[in-house]
Every structure is written in structure tokens, then in C-alpha cells.
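**Student:** Residue numbers (my numbering), protein chains in the order written: chain A, 91 to 152; chain B, 7 to 140.
None of the hints are false.
Here are the simulated distance ranges between beta carbons:
1) Ser137/B - Pro117/A: 18 to 26 Å
2) Asp97/A - Arg68/B: 38 to 46 Å
3) Glu111/A - Leu105/B: 31 to 39 Å
4) Cys134/B - Arg133/A: 32 to 40 Å
5) Arg123/A - Gln69/B: 38 to 46 Å
Going by beta-carbon spacing under 8 Å, a handful of chain B positions derived as facing chain A:
6) Ser18
7) Glu20
8) Ala24
9) Ala34
10) Leu35
11) Ala39
12) Ala118
13) Arg121
14) Gly127
For the record, the hints were derived by calculation from the structure and aren't laboratory data. As the structure is a prediction and not an experimental result, all values here were calculated from the model. Note that the Cβ used here is the ideal one computed from N, Cα and C, for glycine as well.
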Amino acid sequence: MENNHADNLATVQQRTDEFIEALLATPAIRRFREAARQFETDRHLLAVRRPLEERPNGKQPR
Amino acid sequence: MEASKEHGLTGSPEVAAAMEAARALGRALGESAQFKRFEAAHDALQADTEARQKLNEFLSHRQELSMESMFGSTDQAALEKLEQEWQSLSAMPSIISYLHAQEDLLAVLREAAARISQQIGLDYGAACSPSGGR
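Sequences and hints are given; from them, build the entire structure.
**Tutor:** Right under this line is the structure:
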């Protein structure tokens, strides 16, 4: 029973990983990840973002 | 439809593979002990007329109180009565089994969603909600 339980969970984990792999290969996720990377690294975007994210008390907005 | 194709939502082999992988994950979840226990607990609760009636009454009273509290008129006695109703409900075996089974299944689902979110870089559970995470 315990073994079956563990087997089932291992299968769920394996299928989750396969789903992740398949998702990462889709054009939509590839574009999203590229856009997210640019959002974090593009210096022009950062120059606009920084003043917007700075608050008088120095905290980042949530 | 054209817009979907243009944005890569349908039509590509990668999307078809992702859909098949999603179905396989769904099947694995459906075959898990947690899902089967939840299904059995759900059926047992449906068969327990007394528990179902009490649960419906509790949910109805809770909704009434929630509406009242929105208008700032929460009745303390009614709140205490609701708490008593919950205490009585949560001592019933079919309710206990259902809640435990639900908790166990949610833990598995949350773990899978957290894995997916971590790997793809967005909150997968929120993105799949009806409001699309907005």
C-alpha cells in the first residue's frame, strides 16, 4: 500500500516534469521567458523601471 | 482562431505535445491514491444525508453572516452559533474524512503547481484561475 502510494506520487512527479519540459518548448513560454529576461536585464527598461519602483521610504512596491 | 495561431497557442507540434503532457499529468493525478481517496470521501459525504444537510445549513448561515458583515451588522450570537455548527459538523466522520482527503489532494496539486511555476517563471495556479492571474 505504502509502495503503491509512493509509486503514484513518483508518477505524478514524473508527469509534472514532462509537462514542464513540454511547456518550456512551446513558442508562448519561450516568448514569455525571453520577455521576462529582457524585462530584468534591458538597461533602457531598467532606467525607466528604477524611478518608478523607488518609493520615498526606499521600499520596493509590492 | 487566427489570433490564437498567430500567438502560437494552437497548431504547433510543441503545443500539441504540451497538451498531451498535460493530459498525461491529469491521468496520473486521477490515478493517485490522494485523488481516489478524495473521490471516495466525496461519494461518502454525498451518501451521508445528515452530514450533507448540516453542511448545507452551515454554508447557508455562513453566507448570510458574510452578507451581513459586508453591511457592518455582524451579530455576535449568530457568529457563535455558526462556530457551534462548525464544531458539530467537523466531528462527523464523513466530514472529517472529506476534509483530510481534500487536504491531502490539495498538497499534491500545490506541489505540482509549485514545480511548474518555479520552472516556467510565472504563478501557474494563478495564471490558470478564471481571472488569469490578473
